[in-house]
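Novice: Based on the sequences and whatever the hints tell you, model everything.
Number of protein chains: 4
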Amino acid sequence: MKKINVGIIGAGRIGQLHADNMLRSNVFNLKVIADIHTDHLKGTHFEQQIPLISTDPEEILTDPSIDAVFICSSTDTHVHFIKAAAKAGKHIFCEKPISFNIEETREALKAVQEAGVKLQVGFNRRFDQDFRKVYETVRAGTVGNPHIIKITSRDPQPPHEEYIKRSGGMFMDMTIHDFDMIRYLSGKEVVEVSVKAANLVDPIFEKYNDVDTAVTTLTFEDGSLGVIDNSRQAMYGYDQRIEVFGDLGVAFAENERYTNVQIATKDSILLDHPKFFFLDRYKAAFMSEIHEFANAIIENKAVTCSGEDGYKAELIALAAQQSVKEKRSVSLSELEKEDVRV
Amino acid sequence: MKKINVGIIGAGRIGQLHADNMLRSNVFNLKVIADIHTDHLKGTHFEQQIPLISTDPEEILTDPSIDAVFICSSTDTHVHFIKAAAKAGKHIFCEKPISFNIEETREALKAVQEAGVKLQVGFNRRFDQDFRKVYETVRAGTVGNPHIIKITSRDPQPPHEEYIKRSGGMFMDMTIHDFDMIRYLSGKEVVEVSVKAANLVDPIFEKYNDVDTAVTTLTFEDGSLGVIDNSRQAMYGYDQRIEVFGDLGVAFAENERYTNVQIATKDSILLDHPKFFFLDRYKAAFMSEIHEFANAIIENKAVTCSGEDGYKAELIALAAQQSVKEKRSVSLSELEKEDVRV
Amino acid sequence: MKKINVGIIGAGRIGQLHADNMLRSNVFNLKVIADIHTDHLKGTHFEQQIPLISTDPEEILTDPSIDAVFICSSTDTHVHFIKAAAKAGKHIFCEKPISFNIEETREALKAVQEAGVKLQVGFNRRFDQDFRKVYETVRAGTVGNPHIIKITSRDPQPPHEEYIKRSGGMFMDMTIHDFDMIRYLSGKEVVEVSVKAANLVDPIFEKYNDVDTAVTTLTFEDGSLGVIDNSRQAMYGYDQRIEVFGDLGVAFAENERYTNVQIATKDSILLDHPKFFFLDRYKAAFMSEIHEFANAIIENKAVTCSGEDGYKAELIALAAQQSVKEKRSVSLSELEKEDVRV
Amino acid sequence: MKKINVGIIGAGRIGQLHADNMLRSNVFNLKVIADIHTDHLKGTHFEQQIPLISTDPEEILTDPSIDAVFICSSTDTHVHFIKAAAKAGKHIFCEKPISFNIEETREALKAVQEAGVKLQVGFNRRFDQDFRKVYETVRAGTVGNPHIIKITSRDPQPPHEEYIKRSGGMFMDMTIHDFDMIRYLSGKEVVEVSVKAANLVDPIFEKYNDVDTAVTTLTFEDGSLGVIDNSRQAMYGYDQRIEVFGDLGVAFAENERYTNVQIATKDSILLDHPKFFFLDRYKAAFMSEIHEFANAIIENKAVTCSGEDGYKAELIALAAQQSVKEKRSVSLSELEKEDVRV
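Residue numbers (UniProt numbering), protein chains in the order written: chain A, 1 to 342; chain B, 1 to 342; chain C, 1 to 342; chain D, 1 to 342.
Just so you know, these hints were derived from the structure itself, not from any lab.
Warning: the hint list may mix true and false statements.
The list makes no distinction among identical chains, and a pair is therefore deemed to hold if it is satisfied within one copy or across any two copies.
[As the list claims (entries may be wrong)] Below, simulated PhoX-like cross-link-like pairs (lysine-lysine); rule was C-alpha separation at most 20 angstroms, straight line:
#, residue 1, residue 2
1, Lys133, Lys275
2, Lys133, Lys266
3, Lys87, Lys110
4, Lys42, Lys2
5, Lys31, Lys3
6, Lys207, Lys165
7, Lys3, Lys301
8, Lys83, Lys110
9, Lys2, Lys301
10, Lys31, Lys42
11, Lys31, Lys2
Specialist: Have a look at this one:
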């Protein structure tokens, strides 16, 4: 089997994560990693194992042997690189969100559509084994038609100020994963968004006009409901649970713990903590998402998280932002101009 | 210790439940049970064990030896009996809701206040051992200041049409328990209510202008949030869970199962079902609530669920109904005219 | 329905427990409680609610209106009272063990057999809802033919020296419950017993030639195996678990906790403790066992724990004692002279 | 950092597993894999990624660049290759058991001792995250001094007849892992072994004078107890649980499930199955064990499972076999001639 030749744009945390997963895989041939800064890669195993470390992404885009580009750079550069990669005929894996500007996202998707390349958006949680099992249970009809879908999604600790500043706000940065997951589980489109949000964790969020705590209610096209509760700080670890309640039953995915050990003494009965960090919790999911992407290319099948999925989640995030600002329910029809299919 | 002499008004399911608990208790002396219909009590153990079965509630109110009256009749009679019992100087235990009319509720509470008798409202869940443990954990500061309080409250199956017709609607009949619980857990007042509701379980609810599925978001006076999800039908049993998430941690009360047995075979790994019916789930709580009431009388202490608690929960239920009707968030200040303290 | 008139012989902890359960029941009419010491009952609710408190058990045995006798006195008096009650034509409920002397037990059972009265032995755990569910699962064939049955049975704390002295030793006092349970679950007879025991908890046990820690392996007639581990002190609470592993699967009964609450903070994820004391853990079972006994009398059916069950468990306990003493496996055929059927 | 150059002897399931783990690691440089049969490797990724696939193990032993040899061939060749590798000055990783002949094992260990190379035995379960957590909890003193250590170890299905024939019997093939684990957890030596075993799963075991079901009781040097229950067939999956009960508390490691999903419907409340196969259950442990071995070489530290550990577990397995054969408890002192320290 021919390996897929890959270039990664962006050598930050997430770019390095994908690089490591590719180096451990037999499907990818990682040829280039490019970033405006590459000094931090000096002396690492990346230097030994990746043929080219470059400060110029053009070296990826102009290399005819490259099959696919992973866009792991900052969000404000995504649209530019998607268009350039599409034009160069490369398949594209792009981290979420596609952009902070829904118009530009739409244009990027059109460019992909015209080029006829594949685009997968980095909603890694769709590949988590627990959430996948819930998804399959719902699809199999075991819990019937979903009436209420609940997601609890709480970070273990707030990001740094530099990150908050550029994050696009909690809904676009963090809840966007939940917006995608709730669409994925439901199999239906969201038509209305209503948010109650607060600043309870750290005043730093307020400084950047952001919130740190929220309860978001979503109405689906068939009248069924979704609810997501978010916090930027759960002291006990990364809290990632989903629940699909339907007319025949309910499926829950509980948190994964570091171990299944229970310790009982006179004073306490202790369980292990949930996995603390997203790199622990979704370790296998990150590996699976690039393999499903490879598979979509090799077998010319649909990707699991399409550009349209990225676009829809972004739209819901915008509606959530507006709901907080205007203290009212916001219909997606107010924001959506035309349909996108990529 | 002198026993408390009691008369029960209303010999339906809940009146009989309290009667049975009193007959098994050493604190109460159940002297009379009164109802407009008493034929169904003929030949039962009640006939043998309760000195007087009457069709006239006046026999309770005019009996000077009666210390306390349990009002277990239909909701539309509550206010009348509260006023009469207060006037007669009896302590009062009244099932929820106090009434469907907030003005009349306020008047009833004034009558209680003037008479100086005790009034406890039948929010039995406050006495559930699991919820009490969560309450105590929150009060002890273990999870810090609550940021998000979540309640899942789903009935195992819809009530009969006759019941639906007179129930006052899902928020006044069922969610009112959750409104009380969320105030109890939070220790703060609700200032705003926002509901998304739907008819997904049975068209019968729509016939009576009622809903069967809802997600209710509540904003507390300090900006922290509450969210309640309700359904009239959970196929797997009575689903009663609470979660208090604060800045230091989280406390969950999971469902109680019939047994702690796990059965593992080639095909399945099975747990036992959650307790199916509220009489199973809250069996011990029903016993505890009347004993805490007795204790409040004997030691002249405050009751655990005051008239004010009943009034506030009713107010939130009204706001929820209005939120559904007007498709907007409703502030409690729009509905509340004056404070009540009983 | 006619109530069963009862006299209780023995007004210690277990006699009082049965008395309280009868007073809360509609099936029993508790007429007399007799003990050589009755001073401790003065001023209690027993004095108010039981017609006769006597120092002479003969008042029970000679009262023609008494239908059934509960023998809750010290073990060395059981055989005497069984014989006397049988002779008086009373049905008998006797606490475990029937006696410390297998010959005398056999004689007592013969007296019961001749009198044609019912005898139930106080193996209350057969009536526990969790263990009953495992039993029913096994009987239904869900886990197939049992291959290994495991019981963990650990007391929360050692009894007092006075109790140890008269207990008959750990196997006769504590493990006898497990011997009965393993026969009940298996549905087969034990043919061989092999014990490894130790003194690890408290030297006081050694003083009375007793042990405090043991692993007992049992071989059933069909070659399948059982294993019981005991300790006189589990610091985290009363540890009572069973597991039936068969060729089609396994059924577990886990410990019951005080609540289903989980509390998660930065430092720990806490569950509630298992119920600490046998009166908490087996509260409902104690109530059920006397009602099943009543039912056996009223409907003239077989009791759930027969005299033969008491005899067999005693026989296994003797074999266990001998196995420890002689450091070898002991066959029950070495101890059993003739079969008993009561 | 210099990588460790490795040759693997034996290209069966376990040899391939180690090869794959090395290919995904940055610590090992896998240079050769040798087996008498290598046809099955043709056209696999091993052919592409391992420089030399050989039918002659001598190519490993005589290659001066090779630092360490992994012995993954059949048990009857272990001693030969250990001696040869030791003589060639290579560090050795050897699968369990070292041999079926305790004298030969001792000689192999002497050769290792003389050569001064490192030897690690493949008790992979010591590296499992759950069991490691229990081990650390015990070492930290949290549960106090162990009184009873329990291991449940049941295979999901019996091996093929060919495997059974050459396995050395259940105790030497399967329970040997548990013997090692119980020594590891206890930190004490076993002095006596008592087994009750049976043929309940499949008559094929009897044909080879083997058993398929057993309960093994172990006595430690301080009088504390261990108990292991084994079956060759657990229909619900691979059942691997441990429990260390001490004077201060208890630590349990429960089974790992495929997912943490719970599915509740009218008919059932379902959990996911335990991981079915040892390659799933101990996947991470297999990766960790070769890294801890590498680390022991690189930092010249003691290995986690020494030759002595392999020897002691083998000795216990022999005692278990003898206990079944002679139907009695067997002291290890009957079998052990002299101490081995490697």
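Novice: Against this structure, judge whether each hint is valid.
Specialist: We went through each hint and held it up to the structure:
Proximity of Lys133 to Lys275 under the C-alpha cut-off of 20 angstroms is found in both arrangements, the shortest distances being 19 angstroms within a copy and 15 angstroms between copies. Taking the closest pair of Cα atoms, Lys133 and Lys266 come within 20 angstroms of each other only across two copies (18 angstroms); inside a single copy the shortest separation is 37 angstroms, beyond that limit. For the identical chains of this complex, Lys87 and Lys110 are intra-copy neighbours only, at 11 angstroms inside a copy versus 68 angstroms across copies, given an alpha-carbon limit of 20 angstroms. Only between protomers do Lys42 and Lys2 lie at most 20 angstroms apart by alpha-carbon distance; the minimum there is 18 angstroms, versus 30 angstroms within a single protomer.
Taking the closest pair of Cα atoms, Lys31 and Lys3 come within 20 angstroms of each other only inside a single copy of the chain (11 angstroms); across copies the shortest separation is 23 angstroms, beyond that limit. For the homomeric pair Lys207 and Lys165, the shortest alpha-carbon distance inside one copy (9 angstroms) is at most 20 angstroms, but the shortest distance between copies (51 angstroms) is not. When the C-alpha separation of Lys3 and Lys301 is checked against a cutoff of 20 angstroms, the pair qualifies only within one copy, where the shortest distance is 17 angstroms, while the shortest distance between copies is 40 angstroms. For the identical chains of this complex, Lys83 and Lys110 are intra-copy neighbours only, at 9 angstroms inside a copy versus 68 angstroms across copies, given an alpha-carbon limit of 20 angstroms.
When the C-alpha separation of Lys2 and Lys301 is checked against a cutoff of 20 angstroms, the pair qualifies only within one copy, where the shortest distance is 17 angstroms, while the shortest distance between copies is 42 angstroms. Only within a single protomer do Lys31 and Lys42 lie at most 20 angstroms apart by alpha-carbon distance; the minimum there is 17 angstroms, versus 27 angstroms between protomers. For the identical chains of this complex, Lys31 and Lys2 are intra-copy neighbours only, at 14 angstroms inside a copy versus 24 angstroms across copies, given an alpha-carbon limit of 20 angstroms.
In this structure, every one of the numbered hints holds.
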